[in-house]
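Residue numbers (my numbering), protein chains in the order written: chain A, 31 to 219; chain B, 31 to 219; chain C, 31 to 219; chain D, 31 to 219; chain E, 31 to 219; chain F, 31 to 219.
Each hint should be verified, as a subset may be incorrect.
[Stated by the list, open to error] Derived contacts from chain E toward chain A, CB cut-off under 7 Å, selection only:
id : residue
1  : Gly80
2  : Leu83
3  : Gln158
4  : Pro160
[What the hints assert, rightly or not] Below 20 Å or equal to it, Euclidean Cα-Cα: the simulated EDC-like pairs (lysine to aspartate or glutamate) are:
id : chain 1 : residue 1 : chain 2 : residue 2
5  : A       : Lys55     : A       : Glu37
6  : A       : Lys32     : F       : Glu210
7  : E       : Lys55     : D       : Glu210
8  : C       : Lys195    : C       : Asp122
9  : E       : Lys32     : D       : Glu210
10 : A       : Lys55     : E       : Glu81
11 : F       : Lys130    : F       : Glu189
12 : D       : Lys55     : F       : Glu88
13 : D       : Lys130    : D       : Glu185
14 : A       : Lys214    : B       : Glu88
15 : A       : Lys55     : E       : Glu88
16 : C       : Lys195    : C       : Glu184
17 : E       : Lys55     : E       : Glu40
18 : D       : Lys32     : E       : Glu210
19 : C       : Lys93     : C       : Asp143
[To be verified] Here are a few chain E residues that sit away from chain D, every Cβ distance over 10 Å (derived from the structure):
id : residue
20 : Asp43
21 : Gly44
22 : Asp140
Hints listed in this document are in silico derivations from the structure and should not be mistaken for laboratory results. Glycine included, C-beta positions come from ideal geometry on N, C-alpha and C.
Protein chains: 6
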Amino acid sequence: MKSLFLETNECYDGSQLTSLRNYLKFGILGDSIVSWIGPCHVTPEHMVDGEDLLAHAEIRGEKMLHFIVELFDSSLFAAVGIQRLLAAIVRDSLRSASTKTALVNQLTRDGDDIFCDDGKLSISIATQSPNSSLIHFAVNVVNRGTPVRTISLEEFGVEPVVFAKTVMDRFVQEVNSIREATRKVRWAR
Amino acid sequence: MKSLFLETNECYDGSQLTSLRNYLKFGILGDSIVSWIGPCHVTPEHMVDGEDLLAHAEIRGEKMLHFIVELFDSSLFAAVGIQRLLAAIVRDSLRSASTKTALVNQLTRDGDDIFCDDGKLSISIATQSPNSSLIHFAVNVVNRGTPVRTISLEEFGVEPVVFAKTVMDRFVQEVNSIREATRKVRWAR
Amino acid sequence: MKSLFLETNECYDGSQLTSLRNYLKFGILGDSIVSWIGPCHVTPEHMVDGEDLLAHAEIRGEKMLHFIVELFDSSLFAAVGIQRLLAAIVRDSLRSASTKTALVNQLTRDGDDIFCDDGKLSISIATQSPNSSLIHFAVNVVNRGTPVRTISLEEFGVEPVVFAKTVMDRFVQEVNSIREATRKVRWAR
Amino acid sequence: MKSLFLETNECYDGSQLTSLRNYLKFGILGDSIVSWIGPCHVTPEHMVDGEDLLAHAEIRGEKMLHFIVELFDSSLFAAVGIQRLLAAIVRDSLRSASTKTALVNQLTRDGDDIFCDDGKLSISIATQSPNSSLIHFAVNVVNRGTPVRTISLEEFGVEPVVFAKTVMDRFVQEVNSIREATRKVRWAR
Amino acid sequence: MKSLFLETNECYDGSQLTSLRNYLKFGILGDSIVSWIGPCHVTPEHMVDGEDLLAHAEIRGEKMLHFIVELFDSSLFAAVGIQRLLAAIVRDSLRSASTKTALVNQLTRDGDDIFCDDGKLSISIATQSPNSSLIHFAVNVVNRGTPVRTISLEEFGVEPVVFAKTVMDRFVQEVNSIREATRKVRWAR
Amino acid sequence: MKSLFLETNECYDGSQLTSLRNYLKFGILGDSIVSWIGPCHVTPEHMVDGEDLLAHAEIRGEKMLHFIVELFDSSLFAAVGIQRLLAAIVRDSLRSASTKTALVNQLTRDGDDIFCDDGKLSISIATQSPNSSLIHFAVNVVNRGTPVRTISLEEFGVEPVVFAKTVMDRFVQEVNSIREATRKVRWAR
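Using the sequences plus the hints, can you model the full thing?
See below:
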């Protein structure tokens, strides 16, 4: 699995959650994770989360740290599991990166969401294209422009670019070792 | 997904990692997690982890808290991801359950292993039978009888039965919400 | 599996055979069957049955009882099998519901079609979306507006709303017990 | 799909539900259904139905009409659906073949079981081998030697060999048309 | 598997690589290969090969022998393997059909490409639709209108229509025997 | 994909066609091909080819060059396709390696078999284990001990160890590029 931090400040509007994008735009072949910092404004036509569509939710933020993952030879069931591991890695990495102990101790993961007390740190969705699984995960860099009460990396005193690379490194290691684990176990009866 | 704490002190020898066991022995149909406290001594014939087989590893412990998970409509790739979420849940639950702050702050998850400093808290394997995915996860209740340097629930001052139920509750909720998440997302291009 | 009778008289034009519709419009999560009474006029752009397309068939009826089924974790091969079970259930339910013995004794199922002598009672198609299987099944409530010789619930003296609920109940029970059957059988060599 | 009536009176003990048997014993390649008349006595070691195992059920009959189906490129979910279509075909064929109107009108299908009033006509199981789906379906030819109240072809005045061929013909036609149906439908969104 | 040589000189522009086309246009149900002679000009919107898209490649030829294959119950991984067998068959058939020994001895297959010295004989792509695998393979009939150095059937003195039929016959036989091979082997541990 | 030439003269008796063997015996993780030179004598209990079993075939040779391939995330359908590519690679490599032009020009591939005139050069089988695909391919090094008319590397004047490495190199490159090809193509409608 490959990773790349992108020097762009592109707005994430949902259209980026498309198969092969990491290959066709950045030449990264196979399982991959890319990351960049930019606004977030998901338009209804690109909204894939049925729950958000039912609730007419707004998905917005002025400055977020985005991750997009593409996995091949994966089902949606597997991808949602891995999405949640990504949430767990983000939370663990934030705990290590931040010196704000009081805040850090309130970090909880609920499914694919990370909260700190009643502030929402992140948004995420996992979906399936006809040839791959796709995950979007984004963390608030600042709290501006978000439709609900949020918390952001700023309050944790965490620099987003370094953080992005730490998260991607751990995630790549996690997915690689999951793939390996499927090739070294004998089947059971 | 259903869960059950078993009032037994059966030794886990690896033969329990068999498809349909939770149904055929306990009448639990479908996705399930069961748990009990007992010794652990995995004999080579039931050892499915190729890495352990290559290393002639010993898998032993005098008293461990065992979890066995069975998942249907799942690939091994998905099951390994979910095994690691179980590890994350065990670690988070231990952090909440224990008052030994110094110890708790040293808890780390590395793939499917949980460590506290250089002590190993747990063992785990995920495998596939022809009709389901199977996971064994076990946590030392005491340190006796283990072939490597370990740490145990005893040192964390955590009562294993209550702990087992907490872990199973969180895990059931996690897997249920993963299944749901696969049924409410639109596919992407 | 959930079911819902819809108080609408929407025309079925084929656009309704779309993944997640039952969730996004009616909040029904997971495997589902919905039913309503309304006209039928499938436009070529929404026609998915290649045989109909090749034959330039017209798919029309002034008043039909529609069923739409969505199944997750299912292949098209499985879905076509289940579509035919739905046809069998419709026929059996009609036999029970109607007192017109002479007519009832002429009811036959041929694949996914139900005939009574040379009158066609129903139309149906099963297809696959990238994340689910989809089935449309519709029974004539009256014979008006149909392009071939048809027979309808009217001639059987059967009230369509009660009939719809009976069919849905039996179908839900059938699919649930099929799912269960896949979780309680040992694999064979 | 191919079919063959076997001139044997072999006892069905469950060992016959093995992948490739129709090919390795009778040279029939691919999807197949075979049939023969013989006793039935399934020993626990070959019992694959977990429900029967849990209930310590006896599966016996002195003279039954057996069908064994093997399907390739099929999941267990699909196979259970098709098993029930086989049950529906058996019931429909019996209705056509028998002149005992009173009895015939009491025939009902409940999942994979066929009943006539409170008499059980048939037994069945569908399972999965690592390379195919397998179905056993058997109908009592006489009532002797059965552990529950049964009904048999004898009471319906139906000759089993002709009946077997009729059932196999309809089943082959059903499965062939299901396969075809998966190759002529456009996918949906 | 069925084959058909088409009496058309349609330009291949990439839009032909669509599921069910062989059925919906020519009535050929199931696995199929069709062939015709015509120009080639793939427009970017119908270009599915990411490598070509990244390289802004031109895919053109004034007169090519086209093959389109559709395979059901197949993964993309399987389809790419079979695409390369098609390339191997084209090369072998050309070797047999041509009397230009010097040229023929320089024919090499590199993945899905066939070269003769530094001249490219063919272009090809394999992709997946939501309900089938699709392969396009085309051989230059003449060298005109191609964006790179090519070689063509003309130089080999090979008549394209006869050649097309030979290739299709061998390919049909190959795929049929592959399907059969999956139904006559016992599974391994 | 990894390859390894083994310094052993072990007799291939069919027991070697077992999942994870390349990992558990040689530490090679993931897709792999190994090769060695040794006798061949497949006992009926390890014979997986149903055709051989039906024909009571003998599978023997005094000295053969064996290849065993293990592929993960692969179906049997894909594996049989890749087995035939291996046959094509063996034939092409032999053509390049040998200076016996007359013989070389008679080499033909028929499915997974390679013939030279009426002499059989090779034997092969592809099968599926519950967690991988497995291929055995073997080429006669000498003609002794074979039950049918054979031809061998000796007659081609080809040194088997160098030949084995050439074949494995080409095969690894082929499979790697097939995997890559599945990750760089856009899906089709």
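So, going through the hints one by one against the coordinates:
no., hint, in the structure
1, Gly80, "holds (5 Å)"
2, Leu83, "holds (6 Å)"
3, Gln158, "holds (6 Å)"
4, Pro160, "holds (5 Å)"
5, Lys55/A <-> Glu37/A, "holds (13 Å)"
6, Lys32/A <-> Glu210/F, "holds (14 Å)"
7, Lys55/E <-> Glu210/D, "holds (17 Å)"
8, Lys195/C <-> Asp122/C, "holds (14 Å)"
9, Lys32/E <-> Glu210/D, "holds (14 Å)"
10, Lys55/A <-> Glu81/E, "holds (11 Å)"
11, Lys130/F <-> Glu189/F, "holds (13 Å)"
12, Lys55/D <-> Glu88/F, "holds (18 Å)"
13, Lys130/D <-> Glu185/D, "holds (8 Å)"
14, Lys214/A <-> Glu88/B, "holds (17 Å)"
15, Lys55/A <-> Glu88/E, "holds (18 Å)"
16, Lys195/C <-> Glu184/C, "holds (17 Å)"
17, Lys55/E <-> Glu40/E, "holds (13 Å)"
18, Lys32/D <-> Glu210/E, "holds (14 Å)"
19, Lys93/C <-> Asp143/C, "holds (18 Å)"
20, Asp43, "holds (21 Å)"
21, Gly44, "holds (19 Å)"
22, Asp140, "holds (32 Å)"
Of the numbered hints given earlier, the model fails none.
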